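Undergrad: As given, the protein sequences belong to chains A and B, one line each in that order. Numbered according to our numbering, the first sequence spans residues 1 to 110. Numbered according to our numbering, the second sequence spans residues 1001 to 1110.
Because the hints were derived from the structure by calculation, they are not lab data. This one's a predicted model, so the numbers in the text were calculated from it and none came from an experiment. Backbone N, C-alpha and C fix where the C-beta goes; we use that ideal spot for every residue, glycine too. Take the hints with a grain of salt, since some may be wrong.
[Claimed, not checked] Straight-line Cα separation of at most 30 angstroms, BS3-like style, residue types lysine-lysine; simulated pairs:
1) B:Lys1054 with A:Lys57
2) B:Lys1066 with A:Lys65
3) B:Lys1102 with A:Lys11
4) A:Lys18 with A:Lys57
5) B:Lys1054 with B:Lys1066
6) A:Lys57 with A:Lys11
7) A:Lys65 with A:Lys11
8) B:Lys1066 with A:Lys11
9) B:Lys1066 with B:Lys1102
10) B:Lys1054 with B:Lys1102
[Unchecked claim] Ranges of calculated distance between the beta carbons of each label pair, as one might list FRET restraints:
11) B:Ser1076 with A:Asn73: 38 to 48 angstroms
12) A:Gly16 with B:Gln1055: 50 to 60 angstroms
13) A:Leu110 with B:Gln1055: 25 to 35 angstroms
14) B:Gln1055 with A:Thr82: 41 to 51 angstroms
15) A:Asn28 with B:Lys1054: 22 to 32 angstroms
16) B:Arg1058 with A:Thr39: 38 to 48 angstroms
17) B:Ala1009 with A:Thr26: 28 to 38 angstroms
[Unchecked claim] Covered by chain B, per the in silico footprint, the following chain A stretches (three or more residues, Cβ under 8 angstroms):
18) 36-44
19) 75-85
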Amino acid sequence: EAAVTQSPRNKVAVTGGKVTLSCNQTNNHNNMYWYRQDTGHGLRLIHYSYGAGSTEKGDIPDGYKASRPSQENFSLILELATPSQTSVYFCASGEGGEQYFGPGTRLTVL
Amino acid sequence: GQQVQQSPASLVLQEGENAELQCNFSTSLNSMQWFYQRPGGSLVSLFYNPSGTKQSGRLTSTTVIKERRSSLHISSSQTTDSGTYLCAMERDTGYQNFYFGKGTSLTVIP
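For reference, chain A alone in the conformation it holds in the complex (with noise of 0.2 angstroms):
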């Protein structure tokens, strides 16, 4: 009963396509994060919610938008996806200053 989960957990997008990834929580935090994992850089914040209808830029938000519709729902948006978004993505849920992951999105843009 995993608290984080991620869908999908493998994408592969055409250039210009538009991807959605959800991500979804049990633990009832008000706070979500949105993450992508490169080699060299890190994880990175790209955005981040607050509670629900809440959203706000992290530091890598060009070419991304966030929807929070939900206590439990937090999705990444990207309306023109680029070859440059290829990543692993990952969510987290946090209260306290703690954060707790899903398992992470492969996102392949071609």
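Given chain A, put chain B in place with the hints provided.
TA: For chain B alone, kept in the frame of chain A given last:
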């Protein structure tokens, strides 16, 4: 610049040896967290350690907030300890956001 510096970048140990991993922060922080990641895997929280020393089995984490540093000590290493160890700092911005280090890659050989 890099807000979180981890050292060493990589480490090879003989099974049974001890390891000391370091994390240094360039700015003030509220708290920090240590994670473990297998290749291709997600992040598993090891310690949420705002300050002081915490121990779990063979792992000990020590954080000194005023000196902006944290360490992770692994005693009597095992081959199953191999993987990447990441530290993350909670930024002192009034928001629960995090910077991550690039990680220490640990290989334990039998």
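Undergrad: So, for every hint listed, does it hold in this structure?
TA: Status of the hints after comparison with the structure:
{"no.": "1", "hint": "B:Lys1054 with A:Lys57", "result": "33 angstroms, violated"}
{"no.": "2", "hint": "B:Lys1066 with A:Lys65", "result": "37 angstroms, violated"}
{"no.": "3", "hint": "B:Lys1102 with A:Lys11", "result": "25 angstroms, holds"}
{"no.": "4", "hint": "A:Lys18 with A:Lys57", "result": "19 angstroms, holds"}
{"no.": "5", "hint": "B:Lys1054 with B:Lys1066", "result": "17 angstroms, holds"}
{"no.": "6", "hint": "A:Lys57 with A:Lys11", "result": "24 angstroms, holds"}
{"no.": "7", "hint": "A:Lys65 with A:Lys11", "result": "18 angstroms, holds"}
{"no.": "8", "hint": "B:Lys1066 with A:Lys11", "result": "43 angstroms, violated"}
{"no.": "9", "hint": "B:Lys1066 with B:Lys1102", "result": "22 angstroms, holds"}
{"no.": "10", "hint": "B:Lys1054 with B:Lys1102", "result": "22 angstroms, holds"}
{"no.": "11", "hint": "B:Ser1076 with A:Asn73: 38 to 48 angstroms", "result": "43 angstroms, holds"}
{"no.": "12", "hint": "A:Gly16 with B:Gln1055: 50 to 60 angstroms", "result": "52 angstroms, holds"}
{"no.": "13", "hint": "A:Leu110 with B:Gln1055: 25 to 35 angstroms", "result": "47 angstroms, violated"}
{"no.": "14", "hint": "B:Gln1055 with A:Thr82: 41 to 51 angstroms", "result": "45 angstroms, holds"}
{"no.": "15", "hint": "A:Asn28 with B:Lys1054: 22 to 32 angstroms", "result": "25 angstroms, holds"}
{"no.": "16", "hint": "B:Arg1058 with A:Thr39: 38 to 48 angstroms", "result": "28 angstroms, violated"}
{"no.": "17", "hint": "B:Ala1009 with A:Thr26: 28 to 38 angstroms", "result": "36 angstroms, holds"}
{"no.": "18", "hint": "36-44", "result": "holds (count 5)"}
{"no.": "19", "hint": "75-85", "result": "violated (count 0)"}
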